[in-house]
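Go by the hints and put chain C with the ligands onto chain Y.
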Amino acid sequence: MTGGVRECDVLVIGGGPAGLCAALAAASCGVGVIMAERDGHLGGQLAKQTHKFFGSARQFGGERGFLIAQRLAAEAENAAGIEILTETPVLGIYEDGVATLLHRGGHMKVRPRKIVAACGAAENFLAFEGNDLPGVCSAGAAETLINAQGVLPGRRALMVGGGNVGLMVAYQLLQAGMEVPALINHAPQIDGYWVHAAKIRRSGVPILNSTTIKSAYGNGQVEGAIICEVDENRQPLPGTERRVECDLICLAVGLSPLNGLCQQAGAALAYIPELSGHVPVTDEYLRTSQEGLYAAGDAAGVEEAATAMEEGKIAGLSAAVALGYGGTAAQEALTEAAAELKRLREGPMSERIRRGLAVLRSEVIKC
Amino acid sequence: MRIREHPILRFPAGGKISFFFDGREVEAFEGDTVAGALTAAGLRILAHSRRLGRPRGLFCAIGNCASCLMEVDGQPNVRVCVEKVRPGMQVCSQAGKGRLL
Ligand SMILES: Cc1cc2nc3c(=O)[nH]c(=O)nc-3n(C[C@H](O)[C@H](O)[C@H](O)COP(=O)(O)OP(=O)(O)OC[C@H]3O[C@@H](n4cnc5c(N)ncnc54)[C@H](O)[C@@H]3O)c2cc1C
Ligand code: FES
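Going down the list, the protein sequences come from chains Y and C. In my numbering, each residue carries its 1-based index in the first sequence increased by 5. In my numbering, each residue carries its 1-based index in the second sequence increased by 1293.
If we strip away everything but chain C, and leave its shape as in the complex, we get:
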């Protein structure tokens, strides 16, 4: 969900774009972070814990904590809370520590 009205702030929406989350198309606006766009789309489970596979979501949203690591265009361990969306970007849930090759 996005904020429509706010007493202090205006949110100038950038152009509409879309990217992919585990193969599914997600709508976003230019300037969104990946985590912001996923949250707006109601998707809060970003990762799973390595050993027990427990779901993980955002914790800090400013790149401090590594709770949001995902694979972006083939690159693992990207903190999606500070990664901006790009049109057509492939964002995937990451298995374990992720692999580069």
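Just chain Y, same shape as in the assembly:
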């Protein structure tokens, strides 16, 4: 400590899959890591996911999200060189390179040599009449209540959104014992994996494409929703309104990267719709334009857990290598993670991400 400021090699912000993998990768090179997580437990969004993962053993294919989170968290807890601070949000990164953490009711100041921002993303809201009624919540909120806390947020939930989050959480609501009268999707076709859609169709939940929510109604809290069809320009079609009785309306309409800390630290941001909004401009080593600051996972562009883990590894290894740690083994691990990330993004579902990244990487030259 110097003048109440703690020094460390790498500060990892966020203990989700990206942050955990970044901390583990950096620590494996002998780097000292502080990992700050604002929540009381590690795992980020993964900690509440019950779906089995696709893919290879490297990304824990076939295992359920919350078990992957537990496994990574245990590894980090047992790893030499990682100091884990939970219930510790990072409040700011200042001009002098000092980060302020809120820890046990007081401010902790840390001056890291490198920072990995892995703060994840926040779920989007949607504009419609009555959207502020209690009972309108994000799909992730419902998932947190049922899977992490064993509490039912309602009896009957309308799901809004036909991407993977909407499809998977709808199924999880059924597993928790709730009714799902419909899943509505404003696009003419779902935007998630067909296996997830097939599961909820088999369970008898109608998927209504080209349909949106017009309003939520209820006395003090949600008692139902008015839905309607949309035309090819996604505009409501008059006369197609229908009433859906429900006490919960779950919004699964995308996420936006939590980019505040990167922005405050001075990193250049770019608006890339394919990556879900304003993201820090990063190169292939996940370096931002701000010296010593790296970004990984959903914070660097909303994607999925498997890619978040590989990005975390890349950011952690890049930071360690830049500090002179890890030698050829780290270089090799870096090459391997980059190849794996490329492989994960080869499928047709990643077309949008590939397009977004191409634009993002072309921004690097401008910074």
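Incorrect hints may appear among the rest.
List of simulated lysine-lysine pairs, DSSO-like, C-alpha gap at most 30 Å [unchecked claim]:
(1) K1390(C) - K114(Y)
(2) K57(Y) - K371(Y)
(3) K371(Y) - K347(Y)
(4) K1377(C) - K114(Y)
(5) K1377(C) - K1309(C)
(6) K57(Y) - K219(Y)
(7) K204(Y) - K219(Y)
(8) K57(Y) - K1390(C)
(9) K1390(C) - K1377(C)
FRET-style restraints, in silico, Cβ to Cβ [what the hints assert, rightly or not]:
(10) P1305(C) - A62(Y): 28 to 34 Å
(11) L1393(C) - D196(Y): 41 to 47 Å
(12) D1315(C) - K114(Y): 55 to 61 Å
In short, the hints are calculated from the structure, not lab data. Think of the CB as a built atom: it goes at the ideal place given N, C-alpha and C, for glycine as much as any other residue.
Frame of chain Y; chain C with the ligands shown alone:
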């Protein structure tokens, strides 16, 4: 309401405790968040909007959005979706921006 049976998950109930919501005693289990315990008790209105006084409930449940600010043991603007219950805790609906003194 709480989930009793689940095909994948088990919910090991912590010890029973109770806390107060606007003076009324609410039952909870150790490890619950305040918002989780209130939801389980069927209480979904956590706050009111500052200007129009419209009811507010949970939105994100992970501390991202500030839709759930309440006064906890005299401290205003606590995000109760990520605040764990403690026995005897006093949770109150908050008026406006809340006051520290
Ligand atoms: C509802 C939902 C369901 C999903 N289901 C699946 C699925 O089944 N399969 C799949 O592959 N993907 C799924 N995803 C996507 C996947 O969860 C994410 O892509 C992945 O978790 C991203 O990892 P991350 O580490 O970047 O971010 P996160 O998992 O979001 O973790 C970020 C962490 O940073 C912490 N944090 C944020 N700000 C700060 C701060 N200032 N200080 C300290 N800590 C901070 C947060 O508390 C959080 O723990 C789902 C996403 C959602 C929202
Ligand atoms: S519900 Fe979003 S912060 Fe509590």
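Check your understanding: For the pair supplied as a hint, K1377(C) and K1309(C), is the alpha-carbon distance within the 30 Å limit?
Key -> holds, 13 Å
- Query: Is K1390(C) within 30 Å of K1377(C), Cα to Cα?
  - Reply: holds, 22 Å
Q.
Next pair to validate is K57(Y) with K219(Y); report whether the Cα-Cα distance is within 30 Å.
A. Violated, because 34 Å separates the two Cα atoms, which is more than 30 Å.
Query - Pair hint K57(Y) and K371(Y), alpha-carbon separation not exceeding 30 Å - result: violated, 41 Å
Should the hint that L1393(C) and D196(Y) are 41 to 47 Å apart at their CB atoms be regarded as holding?
-> holds, 46 Å
- prompt: Is 28 to 34 Å right for how far apart the beta carbons of P1305(C) and A62(Y) are?
  reply: holds, 29 Å
Sort out whether K114(Y) lies within 30 Å of K1377(C), counting only the CA atoms.
-> holds, 26 Å
Exercise for the section: Mind checking the alpha carbons of K204(Y) and K219(Y) for me, to see if they're no more than 30 Å apart? Expected result: Since the Cα atoms of K204(Y) and K219(Y) sit roughly 27 Å apart, the hinted pair holds (cutoff 30 Å).
_Against the range 55 to 61 Å, how does the distance between the Cβ atoms of D1315(C) and K114(Y) compare: consistent or not?_
For D1315(C) and K114(Y) the Cβ distance comes to about 38 Å; the hint is violated.
Check your understanding: Taken at face value, is the distance from the CA of K347(Y) to the CA of K371(Y) at most 30 Å?
Key -> holds, 24 Å
Given the hint that K1390(C) pairs with K114(Y), does the C-alpha gap stay at or below 30 Å?
-> holds, 28 Å
Next pair to validate is K57(Y) with K1390(C); report whether the Cα-Cα distance is within 30 Å. violated, 43 Å
Figure legend: structure checked against the earlier numbered hints; hints not met, in rising order: 2, 6, 8 and 12.
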